[in-house]
Amino acid sequence: MTVTRRRFENRLSKLIKLPGGKTVQEAMDDAEANMESIRDKVLGAMDKKVLQLLDSAAAVTADPNPEALTNCYNVANEIFALAGAFGKVQMGEAAYSLCELIDRSREAGKWSSPAFQAHMNALRLMRHDDTEEGQEARKVVLAGLRSVIDAVTGPPPKPR
Amino acid sequence: MATPPTNPKSKINLERATVLLMDSSPQGMDILVQVLGGFGVRTPLRAMAGAAAMDMVKSHLLDLIIIDAQLADMDGYDFVKWLRTSKIEPNCAAPVILMSGHTQVSNVTMGRDCGASFLVAKPIVPRVLLDRVIWVARENRVFIECPTYCGPDRRFKFVGPPPGTEGRRADDLPLEVGMANTPNMSQDAIDSLLQPQKAQL
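Protein chains in written order, with this note's numbering: chain S, 31 to 190; chain B, 2 to 202.
One thing to keep in mind: the hints can contain errors.
[Said to hold, decoys possible] Listed next, the in silico DSBU-like pairs over lysine-lysine satisfying Cα-Cα at most 35 Å (straight line):
id, chain 1, residue 1, chain 2, residue 2
1, B, K88, S, K71
2, B, K10, S, K47
3, S, K44, B, K12
4, S, K44, B, K59
5, S, K71, B, K82
6, B, K88, S, K47
7, B, K199, S, K52
8, B, K12, S, K52
9, B, K88, S, K140
10, S, K140, S, K169
11, B, K59, S, K71
12, S, K52, B, K10
13, S, K47, B, K82
14, B, K82, B, K12
15, B, K88, S, K169
16, S, K71, B, K10
17, S, K140, B, K82
18, S, K140, S, K47
[Stated by the list, open to error] Here are the computed distance ranges between Cβ atoms for each label pair:
id, chain 1, residue 1, chain 2, residue 2, range
19, S, A89, B, P91, 21 to 29 Å
20, B, A52, S, N95, 26 to 34 Å
21, B, T86, S, L48, 16 to 24 Å
22, S, E162, B, G161, 44 to 52 Å
Honestly, the hints are just simulated from the structure, not real lab data.
It should be emphasised that the depicted structure is a prediction, and the values quoted were computed from it without experimental measurement.
C-beta: ideal position from N, C-alpha, C; glycine also.
Can you make the complete structure from the sequences, with help from the hints?
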């Protein structure tokens, strides 16, 4: 097998050292302030995605075809990314768990509508209750989702 | 992957860097634009689909690409693979940070083998992303081209060949140290190496 090794100039390494700019701390502070400015807009859009997922639940339960599951997976993956970026960690975990259920079910060739419904119920709960007092209860729900996935699909598969 | 800690007081300048951002979700793109804006990037190029991004690769000189693994019309992994094998120089070797939310089991090896410079797990956290940007700016890995892989050298820790193998490279050293082939140094010679000496400054 022929292997070619070449060295290209890393232009970014030169540009980043140019005079001016800002300190690393300033860059992080500015980025966080900028993110805060779009917080409400992004979380509003995320909430619409959660509703979209919940609205599609009945149809997916009735007919869990590959296209519908891929769509659910993609929306849940987006919810995970948006929720986590703005500190809605448990909502993000519930969405991540749904991705995990769909992916591992596809890999294992098994499907469980009750497991899917449990995830929908968890998302509904996270959406309605993000209070400090409900945090422990939500932790229990998330742990339950992990057990449900293991029960349906078996242990996590190893990467190929 | 260990990253040296970045001094919060050290300065960075990304004002003149041409950065291509790729995310098919409008909200995901908003987050990226705001975060990179905070880092000092002036006007990042934005693409929400692979086809548009390919046009930008052909028409702009890019210093950094940040891409989501899940695009509207193609996988981010496939885009990076296309970029690395495109022979569009120097963009084919530009630093690429690939962001991934949940990774499907079938895509884990794709993430490793597509040729990205760094994989970042979502959700996006400014501190983590800035660390990775600084990391890819500091690195100068050799670009490997072979039938099975195209991209920055995946072995950059220099810990020798994987255990149980002899290594495939001319400069791979054997794990076992052989017998010395020159005489041992005398104790005086060793002492003189360790002895503090006056230096004229």
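Cross-check of the supplied hints:
The suggested pairing of B:K88 with S:K71 is violated, with an alpha-carbon distance near 40 Å, which exceeds 35 Å. Distance check on the hinted pair: B:K10 and S:K47 sit about 14 Å apart at the alpha-carbon level, within 35 Å; holds. Between the alpha carbons of S:K44 and B:K12 the distance comes to roughly 13 Å, so the proposed pair stays at or under 35 Å and holds. For a cut-off of 35 Å, the pair hint linking S:K44 to B:K59 stands: about 22 Å separates their Cα positions.
The straight-line distance between the Cα atoms of S:K71 and B:K82 is roughly 34 Å, inside the 35 Å bound, and the hint therefore holds. Of the pairs offered as hints, the one joining B:K88 and S:K47 holds, with about 28 Å between alpha carbons and a cut-off of 35 Å not exceeded. Simply put, B:K199 and S:K52 have alpha-carbon atoms about 41 Å apart, too far for the 35 Å limit, and the pair is violated. Restraint check for B:K12 and S:K52: satisfied, since their Cα atoms lie roughly 5 Å apart, inside the 35 Å limit.
Between B:K88 and S:K140 the alpha-carbon distance is near 43 Å, which puts this suggested pair outside the 35 Å criterion. The hinted pair formed by S:K140 and S:K169 meets the criterion: a straight-line CA distance of about 26 Å does not exceed 35 Å. This hinted pair checks out: B:K59 and S:K71 have alpha carbons roughly 34 Å apart, not beyond 35 Å. Between S:K52 and B:K10 the CA atoms are separated by roughly 9 Å; this keeps the pair inside 35 Å, and the hint holds.
Restraint check for S:K47 and B:K82: satisfied, since their Cα atoms lie roughly 29 Å apart, inside the 35 Å limit. Straight-line distance between C-alpha atoms of B:K82 and B:K12 comes to about 33 Å, which keeps the hinted pair within the 35 Å bound. In summary, the hint linking B:K88 to S:K169 is not supported, as the alpha carbons are separated by about 49 Å, beyond the 35 Å threshold. The hinted pair formed by S:K71 and B:K10 meets the criterion: a straight-line CA distance of about 32 Å does not exceed 35 Å.
For the suggested pair S:K140 and B:K82, the alpha carbons sit about 32 Å apart, so the restraint of at most 35 Å is met. For the suggested pair S:K140 and S:K47, the alpha carbons sit about 53 Å apart, so the restraint of at most 35 Å is broken. Remark: the range hint 21 to 29 Å for S:A89 to B:P91 is contradicted by a beta-carbon distance near 49 Å. Remark: the range hint 26 to 34 Å for B:A52 to S:N95 is upheld by a beta-carbon distance near 27 Å.
With their beta carbons about 31 Å apart, B:T86 and S:L48 fall outside the hinted range of 16 to 24 Å. A hinted range of 44 to 52 Å holds for the C-beta pair S:E162 and B:G161, which are about 51 Å apart.
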